[in-house]
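K.L.:
Which chain is which? The protein sequence lines are A and B, in order. Just so we're aligned, residue 162 is where the first sequence starts under our numbering, counting upward by one. Just so we're aligned, residue 681 is where the second sequence starts under our numbering, counting upward by one.
Simulated from the structure, these hints should not be mistaken for lab results. Hints may contain errors.
[What the hints assert, rightly or not] Beyond 10 angstroms from chain A on every Cβ pair, some chain B residues (computed): (1) Gly701; (2) Gly708; (3) Pro842; (4) Val853.
[Unchecked claim] Heads up, incomplete: computed chain B residues facing chain A, CB under 7 angstroms, no partners named: (5) Val846; (6) Ser847; (7) Ser850; (8) Ser854; (9) Arg858; (10) Val878; (11) Ile886; (12) Val889.
[To be verified] Which stretches of chain A does chain B cover? Using the computed rule of at least three CB atoms under 8 angstroms from a CB of chain B, they are: (13) 206 to 216; (14) 232 to 246.
Beta carbons are placed, not taken as given, at the ideal position from N, Cα and C, and that holds for glycine.
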Amino acid sequence: MEHRDGFDDRLRQARAREGLDPKPPQGAGGLPTGPWGIGLRAGVEVVSALVVGAALGFGLDRWLGTFPWLFLVFFVIGGAAGVLNIYRLFNPPAR
Amino acid sequence: MAAEGKTIDALSQFELIPVLGPVGRAVGFSQSNAHMLLAVGLVTILMLVGIRKRALVPGRFQAASEMFYEFIENLVTGQVGHEGKKYFPFVFALFMFVLFGNLIGLLPYAFTYTSHIAVTLGLAATVFFVTTIVALVLHGRKFFGYFFPEGAPLWLAPIIVPVEVVSYLSRPVSLSVRLFANMVAGHVLLKVFATFVVLLGGLGAIGPVAALLPLSVNVLLVGFEILVAFLQAYVFAILTCIYLHDAVHLH
Chain A
162 MEHRDGFDDR LRQARAREGL DPKPPQGAGG LPTGPWGIGL RAGVEVVSAL
212 VVGAALGFGL DRWLGTFPWL FLVFFVIGGA AGVLNIYRLF NPPAR
Chain B
681 MAAEGKTIDA LSQFELIPVL GPVGRAVGFS QSNAHMLLAV GLVTILMLVG
731 IRKRALVPGR FQAASEMFYE FIENLVTGQV GHEGKKYFPF VFALFMFVLF
781 GNLIGLLPYA FTYTSHIAVT LGLAATVFFV TTIVALVLHG RKFFGYFFPE
831 GAPLWLAPII VPVEVVSYLS RPVSLSVRLF ANMVAGHVLL KVFATFVVLL
881 GGLGAIGPVA ALLPLSVNVL LVGFEILVAF LQAYVFAILT CIYLHDAVHL
931 H
């Protein structure tokens, strides 16, 4: 079906000539790059990393009976992980 | 229903109500489960009807099913590469389930199962475990090198490794919270403005004119929500693909 009279090729050339094909999106892995999209994503990334860090620290504290020390340590680590997520959001690793 | 007692009741739409009478109550079968079954049924019907004729010039259903298929196939091969083909069914099922959940939820009297964190976290946890298991099967112990970038000084390991692990664990949380928060926010906004229409409409002579304002806002919001429904399903699918890329290639 692909190569019937080279129709697909001719269609692609015609579409390119008329400028009908949208340009491939330029952005972090094809994700929406509008200001709202980036802003909401960034907020969710920071908060979720912080929550995971704090929950992990709290859980370890409950297990080891060292409240509040591991909670405090993992809260900071969660914040750092949030910043790392933001860094990855704006500088996606090369692939 | 929304304006009972002249208050704005925006959250009761997310309550789970058992359906199917005593049987549903006994097994906890809520309207959320019913809508999930409906979505799965609609997706199945769309795909089965779409591929039934296999016409050279596709009809409506065939065009729709081919469009969804090619869209996700391009997404998977574009993000994961050629090795990603075998994960196509997984991403396709996730995308269609989320998309139909978002879209069915916009119909009047329907329930949006993607507005429950239990559902979205369940989907995100599935993605998390699948990607982690894929990485472990493909790379074995080398997978743990993912948490420590090559070339970093070794004395930084006590800082880098916990941060990377927390960052990795935060993936399913951000994935699920994004979808859940978008759907809840949209439906709360719709309900609040719909309540304004009813409340303002009862304000005597000027009421119906004033009620036109929130009504027009709601018309715009419904269009916006259809966009959000597609966008969030797309974001869910593309993030799944990005995580699969990390699992397959371990850059």
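K.L.:
Hints the structure violates: just list their numbers, smallest first.
P.N.:
3, 4, 10, 11 and 12
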